[in-house]
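**Student:** Each chain, letter by letter, is given below.
There are 2 protein chains.
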Amino acid sequence: MYRELVLKKISPTVEEKEELKRIANEVINEIKKYTDFDVKLLGSAARDTWLRYEKDLDVFIFFPKDYNKEDMERYVEEIARKIFGKYEKKYAEHPYVRGNYKGYDVEIVPCYKISDPKEKASSVDRTPFHHEFVSKYIKGKEEDVRLLKQFLKNLNLYGAEEKVRGFSGYLCELLIIKYGSFENVLRNATKWKFGEIISFFYVDKSKVLEKFKGQPLIFIDPVDENRNVAAALSVENFYKFIFYAKEFFKSNDKLKFFFKHEEKIQKEYAIELFKKRGTSLIGILIKRPDVIDEIIYSQARKCLRVFRENIERNDFRILLSEFLVSNNNVLFMFELESDKLPRIKLHKGPIVGSKEEERFLRKYRGNIYGDPFIKEDRWYVFAERKYKDIYELINDMLSRKDLKSIGIPSYIEKSIKESGYKLLKNEEVFLDEFLDEIYKRLFPKIL
Amino acid sequence: MYRELVLKKISPTVEEKEELKRIANEVINEIKKYTDFDVKLLGSAARDTWLRYEKDLDVFIFFPKDYNKEDMERYVEEIARKIFGKYEKKYAEHPYVRGNYKGYDVEIVPCYKISDPKEKASSVDRTPFHHEFVSKYIKGKEEDVRLLKQFLKNLNLYGAEEKVRGFSGYLCELLIIKYGSFENVLRNATKWKFGEIISFFYVDKSKVLEKFKGQPLIFIDPVDENRNVAAALSVENFYKFIFYAKEFFKSNDKLKFFFKHEEKIQKEYAIELFKKRGTSLIGILIKRPDVIDEIIYSQARKCLRVFRENIERNDFRILLSEFLVSNNNVLFMFELESDKLPRIKLHKGPIVGSKEEERFLRKYRGNIYGDPFIKEDRWYVFAERKYKDIYELINDMLSRKDLKSIGIPSYIEKSIKESGYKLLKNEEVFLDEFLDEIYKRLFPKIL
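Heads up: the sequence lines are chains A and V, in that order.
If you're matching positions, the first sequence starts at 1418 in the working numbering and goes up one per residue.
If you're matching positions, the second sequence starts at 1418 in the working numbering and goes up one per residue.
Some clues are possibly wrong.
Remember, identical chains collapse to one label, so a pair may be satisfied in a single copy or spanning two.
[Unchecked claim] Within a straight-line C-alpha distance of at most 20 angstroms, the following computed EDC-like cross-link-like pairs (lysine to aspartate or glutamate) qualify: (1) Lys1757 with Asp1806; (2) Lys1765 with Asp1732; (3) Lys1772 with Glu1653; (4) Lys1677 with Asp1788; (5) Lys1449 with Glu1490; (6) Lys1765 with Glu1726; (7) Lys1704 with Glu1830; (8) Lys1610 with Glu1627; (9) Lys1762 with Asp1732; (10) Lys1762 with Asp1806; (11) Lys1499 with Asp1488; (12) Lys1657 with Glu1793; (13) Lys1762 with Glu1729; (14) Lys1862 with Asp1788; (15) Lys1610 with Glu1775; (16) Lys1805 with Asp1732; (17) Lys1580 with Asp1794; (18) Lys1805 with Asp1756; (19) Lys1762 with Glu1726; (20) Lys1765 with Glu1729; (21) Lys1772 with Glu1613; (22) Lys1673 with Asp1788; (23) Lys1792 with Glu1854.
No wet-lab data here; the hints were simulated from the structure.
Looking at chain A on its own, in the form it has when it is part of the complex:
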């Protein structure tokens, strides 16, 4: 029932499929004017597993192994200039180009022509082998791949990039090949446990677990047994997927799992709701460094952890810590029980008789709140807090000369040094460009 309704929205029509094929052929023929190397359409467009509203074409050019990165880069740039006029240079393990052709996003990716994935120089060299494997087994199950992709997209679990840390398109296809259908993938997922191993062929579980330790889902790549196709999946997203898989079978409203009702939130309303909580919201706004998503998301995530650890070390209680990225800015956001703390705290000192004892006693003996005292095996002292106000703490932290030494990643450090930061307080945090996301984090909703 839901299947037809969903597919009607996400599956391309016969006409759309034909148009895509025609355009792909045009692009390939255009490219072939400028090269004698093999040129191939790969990816979901080539396998008919693309979603209707995605008009992406991944075109690979196969270079001999004696070409170096720089030469390949120049080569594809030259072609891009001729075909697209305007193009972007993108970087993964090595550069590729991206341009628009008659409304389609076209990526031209240089790779090596190799006969065994073991010979690969970078991970894109594996892509043709992925394509070969999937093409062979996916026939007749393309619609199930689309359902799974749409389900994941709707939950913000689709994509292996840093921004999402979810399921790649290739992983979706492999899951459908493994379990046969969209519903079977979900049914199996309801039983997944941390460290779940999936493979098409026999693997030694204990060795695999050792190799991919800390990764919640391990799907052994059929073209390279040393690779986990699900390596990018975060622990959080692994558990989210399992939870929503279960919910899917329990719920009568299957459609909501594919299409979310996005409510447009009013700023005043969001602020009013927030004020009723009585908590404190703190924002640190910086200019977005001019680097790709992959880098900024990874650095912002690390930076958030550094901020959070600093805040917690100073006894503030955090309800929520998030970062949000736009084209221009990065916002770090903390919701605290309170932005103030009492003046005095119990300061835990060293073990009695340890080598730190002398320094501790020298520092605190004669303290106006009383001398240090022994409880169980340890010294304690009543001491004044360094930071009774979160804004003081953050200003002190960010005005340090040595931001790197406290773990602030390079591009974020650079941005702060060059453009400074803006400290936002409560309703000031509700910036228009992040409003919807802020609301979603402050008032989470299970579908």
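Given the structure of chain A, go ahead and fit chain V onto it with the hints provided.
**Tutor:** Relative to the frame of chain A, chain V by itself:
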């Protein structure tokens, strides 16, 4: 130098010693009028290790092994009535009596006449063997015992009873026998580590550690290798002793280790100082149950732990938790950073997919602060605190019908049920009867 000055104050004069001997003989002769059993003076009076201001006589009556407890009890009560007129019945493992004789505190203790400590029926049966051992080896070192006792008294470390949990008189004597002098005891103590083993004869260290696990100091009883003479010593007091032993050698003012300058504190001054801290003081005052110190201290200590755990479970930050006991009352006292907490907290839920998940989601889904959400492998939700005010928490806790089930010990439960409790707030906690102690805990002083 300090030695003579201290001994002059704490060592009995020749006249005082003669008086004590005379009185002891009188008491023994009086007792012998009513019994044919052996009667003996034991304890520090008999060994000349008593302190000048202690006028205690421990007189033991040796019963044949076929006497039962009840008969011995009646027997010594009968004697006490005749000698003292007024007497108290006291309870250790079995009852003994206590009365005043010409200004001396006299305890008459019934024990069995046995030839080997292994035959003992209760721990008092060991006392004659302790006496025999100490008498044999302590000669000439009595003054050192006095110095050690005085040193410990001054630091509130003297006595094995629940109130103190420190060093017994017998332990002091054994330490002097073992190390030869007061200063040598301290010198050795500076090197003690948790689980320190001291013995006059060879012992298997690993077996001893296993048997007395958790006890910081293990002094094997020379008359019973299965007993740790220092069993009553608390971890805290073990470390305090080590610390002050070190301090003693570092300090030029040795006298302060024997005689503390006790300042008489003014209530208004104490309250003023406390208010400057800006913390919150909470007192729970109950009527002291009519039981001996040994029981009330043990139960109050346990009760304090129950209170503390309850308070911490509810997120209040404790600086100080203490209990104080007078003849009439027991005061539980907590110093908190603040007596209020913010309304909303981050409530940690179960692991995603665990069996507690369903109940948790049923409870919190649709919560006004947002649905539960997944972080890493777990559910969380923004939830209202049950207790935002410490007084509410304590009133709720103490008005329960089932105080026992939350761990409140029997006599304290009885007292609360019969006489209620009084909740004290900040300056109200500064009760006259506890003023000095409260001040000492709030403003601790290293000598």
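**Student:** Measure nothing new, just compare the shortest in-copy and cross-copy C-alpha distances for Lys1772 and Glu1653 to 20 angstroms and report within, between, both or neither.
**Tutor:** Answer is between: at 18 angstroms across copies they meet the 20 angstroms cutoff, but 42 angstroms inside does not.
**Student:** Is it within a copy, between copies, both, or neither that the alpha carbon of Lys1772 lies no farther than 20 angstroms from that of Glu1613?
**Tutor:** between (46 angstroms within a copy, 19 angstroms between copies)
**Student:** Cα distance capped at 20 angstroms. Does Lys1610 pair with Glu1775 within a copy, between copies, both, or neither?
**Tutor:** Result: close only across copies, 17 angstroms inter versus 50 angstroms intra.
**Student:** Is it within, between, both or neither when you check Lys1762 against Glu1729 at 20 angstroms Cα-Cα?
**Tutor:** both (14 angstroms within a copy, 14 angstroms between copies)
**Student:** Could you place Lys1765 and Glu1726 in one of the four classes (within, between, both, neither) given a Cα distance threshold of 20 angstroms?
**Tutor:** both (18 angstroms within a copy, 18 angstroms between copies)
**Student:** Evaluate Lys1792 and Glu1854 at a C-alpha cut-off of 20 angstroms and name the case that applies: within, between, both or neither.
**Tutor:** Cα proximity of Lys1792 and Glu1854: across copies only (16 angstroms, versus 47 angstroms in one copy).
**Student:** One pair to classify: Lys1704 and Glu1830, alpha carbons no more than 20 angstroms apart. Within, between, both, or neither?
**Tutor:** within (11 angstroms within a copy, 62 angstroms between copies)
**Student:** If the cutoff is 20 angstroms on CA atoms, where do Lys1673 and Asp1788 land: within, between, both or neither? Let me know, please.
**Tutor:** Result: close only across copies, 16 angstroms inter versus 62 angstroms intra.
**Student:** Using 20 angstroms as the alpha-carbon threshold, which applies to Lys1657 and Glu1793: within, between, both, or neither?
**Tutor:** between (43 angstroms within a copy, 9 angstroms between copies)
**Student:** My question is about Lys1805 and Asp1732: at a cut-off of 20 angstroms on alpha-carbon distance, are they close within one copy, between copies, both, or neither?
**Tutor:** both (9 angstroms within a copy, 18 angstroms between copies)
**Student:** If the cutoff is 20 angstroms on CA atoms, where do Lys1610 and Glu1627 land: within, between, both or neither? Let me know, please.
**Tutor:** Answer is within: at 16 angstroms inside a copy they meet the 20 angstroms cutoff, but 40 angstroms across does not.
**Student:** For Lys1805 and Asp1756, with the copy left unspecified, which applies at a CA distance of at most 20 angstroms: within, between, both, or neither?
**Tutor:** Both ways: Lys1805 and Asp1756 sit 8 angstroms apart in one copy and 17 angstroms across, limit 20 angstroms.
Taken one by one, the earlier hints all hold for this structure without exception.
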